[in-house]
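*Asks:* One letter stands for each residue in the lines below.
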Amino acid sequence: MDFGFCLSPSSHVKMDDIDLTTFNRLKDANPDINTCIACGSCTATCTAGNFTEMSFRRILLMLQRGKEEEAKKMIQRCMLCGKCTLVCPRGINIRKILLDITR
Amino acid sequence: MKENILIIGGGAAGMEAATQLQKMGLTPIIVEKSENLGGHIAQWDRLFPAFHPAKDVVDQMLSQVKDIKTYLNTEVADIQKDNDGFHAVLSNNEKIDAKAVILATGFDIFKAERKQEYGYGIYNNVMTSVELEKFFRTGKDERINNPKKIGFVHCVGARDVKVCNTYCSKVCCTTALKQACEIKEVFPDAEVYTFYMDLRMFGPGYEDLYLKTQKDFDVKCVRGRVCEVSENMDGKLVIKAEDTLFGKPLKMTLDVLILMCAMEKNKSIDTIQQKLGIADNSDGFMQNKDMYLGMNGTAQDGVFVAGACTAPKSLPDTIGEARSVATQVFNYINNK
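Here the protein sequences come in this chain order: A and B. Each residue of the first sequence is one higher than the one before, starting from 1 at the first, in this note's numbering. Each residue of the second sequence is one higher than the one before, starting from 1001 at the first, in this note's numbering.
It is worth saying that the hints were derived from the structure and are not from the lab. Be a bit skeptical, because a hint or two may be false.
Here are some of the chain B residues that sit facing chain A, going by a computed Cβ distance under 7 angstroms [as the list claims (entries may be wrong)]: (1) Leu1245; (2) Lys1248; (3) Pro1249; (4) Lys1251; (5) Met1252.
Now the stretches of chain A that chain B is said to cover, found in silico as 3 or more residues with beta-carbon under 8 angstroms [said to hold, decoys possible]: (6) 6-17; (7) 54-66.
Pairwise CB distance ranges, derived in the manner of DEER restraints [said to hold, decoys possible]: (8) A:Asn93 / B:Thr1327: 46 to 54 angstroms; (9) A:Asn93 / B:Glu1228: 36 to 44 angstroms; (10) B:Asp1218 / A:Cys6: 36 to 44 angstroms; (11) A:Leu86 / B:Glu1142: 50 to 58 angstroms; (12) B:Asn1036 / A:Pro9: 55 to 63 angstroms; (13) A:Met79 / B:Glu1113: 48 to 56 angstroms; (14) A:Val87 / B:Glu1207: 12 to 20 angstroms; (15) A:Lys72 / B:Asn1036: 56 to 64 angstroms; (16) B:Gly1203 / A:Glu70: 51 to 59 angstroms; (17) A:Glu70 / B:Glu1228: 21 to 29 angstroms; (18) A:Asn93 / B:Thr1244: 20 to 28 angstroms; (19) A:Lys72 / B:Asp1218: 17 to 25 angstroms.
Note that the structure is predicted; figures quoted are calculated from it, not measured. Glycine included, C-beta positions come from ideal geometry on N, C-alpha and C.
Hey, can you work out the whole structure from these sequences and the hints?
*Replies:* As structure tokens, this is what we get:
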């Protein structure tokens, strides 16, 4: 019988259980990844972000919070125009990092 | 012109003001309640942003005040003002007459127990930034046992209406990142997280320290305030915070949690402050004349303030104020 109740999964990101292998590999190849200050310039200027949920800032966070699949799905929106790399105040080579993630 | 200037407090502000006043030909007298000069800075290991040993600075200041009359382990028990100036009675019953008084009484550290949700004094592995600094100085703390995961909580007792401290304590952000780098130096394999609301890197070289923290030390800065701490069966700490940039709550296990405690006014001088007619400002620090040109003056003619007794201040801020208070006192004595 269905009473209309169910158990919702926890929305917590459980940092203890996260597998950071992909992020750490990415970080070793692109140490500048660490210097992000989450200013959001990349996302604000993003051509694809104008029409989709694409956000490099969020992709970086997804990888650090164990949401690799979500990140890879979002990356498909990228058109590799490289404007994000132009505007990044920390000089992060975002376009290269995006390519490295999908590789 | 050998007028006495009574300086209450022998920390950075008091020592520097005394040094300058002596050079101006006045006679500063320092009254310090503890057994040493140097104040909080003498308890510190290294200074931000460049990891300069605090001892170097303190030793230099101490060498400059060695000929200045100093009372240690002494408090001002009573003070009165008449047309000749100020008449103070010390706790050792000595009497001092002075033409002007400088309050350089500094700050106290916020008592971390007051933020009960962080579990200081309840869970063994929650400690304060001051205790961590002591670990760097002495290399000893039984709570720090080859930790693998370390967390820092910013704004403990600051920007918090619940503890009546709405102000920013100014130096804790930079101190947290400095200490995060230092603990990585000691334990390079540890993961270090800092939980901040804003990172206020306001001074020269401070942003460079932030960059260094990210680039060279791989410290992970999470934007979000830790909301609660508990202990699991292994005696490790479980913390909850929201990653506000990601928009999701986080949960993680840590070996040690460091609380970046705010500055509060040093209240041990309250009776003297009241006798001198100096009120508190809305942050609970001493009220100065105004925050621009009158920062060293007070409502009472002849009473001056310098350093962290009026607001949280960094060491360079304090030294700047100590030097400016000396000028103000000199002008006051000379009716300029």
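*Asks:* Hints first: check each against the structure and report whether it holds.
*Replies:* Structure-based check of each hint:
{"no.": "1", "hint": "Leu1245", "in the structure": "holds (5 angstroms)"}
{"no.": "2", "hint": "Lys1248", "in the structure": "holds (5 angstroms)"}
{"no.": "3", "hint": "Pro1249", "in the structure": "holds (5 angstroms)"}
{"no.": "4", "hint": "Lys1251", "in the structure": "holds (5 angstroms)"}
{"no.": "5", "hint": "Met1252", "in the structure": "holds (4 angstroms)"}
{"no.": "6", "hint": "6-17", "in the structure": "holds (count 6)"}
{"no.": "7", "hint": "54-66", "in the structure": "holds (count 6)"}
{"no.": "8", "hint": "A:Asn93 / B:Thr1327: 46 to 54 angstroms", "in the structure": "holds (51 angstroms)"}
{"no.": "9", "hint": "A:Asn93 / B:Glu1228: 36 to 44 angstroms", "in the structure": "holds (39 angstroms)"}
{"no.": "10", "hint": "B:Asp1218 / A:Cys6: 36 to 44 angstroms", "in the structure": "holds (41 angstroms)"}
{"no.": "11", "hint": "A:Leu86 / B:Glu1142: 50 to 58 angstroms", "in the structure": "holds (52 angstroms)"}
{"no.": "12", "hint": "B:Asn1036 / A:Pro9: 55 to 63 angstroms", "in the structure": "holds (57 angstroms)"}
{"no.": "13", "hint": "A:Met79 / B:Glu1113: 48 to 56 angstroms", "in the structure": "holds (54 angstroms)"}
{"no.": "14", "hint": "A:Val87 / B:Glu1207: 12 to 20 angstroms", "in the structure": "holds (19 angstroms)"}
{"no.": "15", "hint": "A:Lys72 / B:Asn1036: 56 to 64 angstroms", "in the structure": "holds (59 angstroms)"}
{"no.": "16", "hint": "B:Gly1203 / A:Glu70: 51 to 59 angstroms", "in the structure": "violated (39 angstroms)"}
{"no.": "17", "hint": "A:Glu70 / B:Glu1228: 21 to 29 angstroms", "in the structure": "holds (27 angstroms)"}
{"no.": "18", "hint": "A:Asn93 / B:Thr1244: 20 to 28 angstroms", "in the structure": "holds (26 angstroms)"}
{"no.": "19", "hint": "A:Lys72 / B:Asp1218: 17 to 25 angstroms", "in the structure": "holds (24 angstroms)"}
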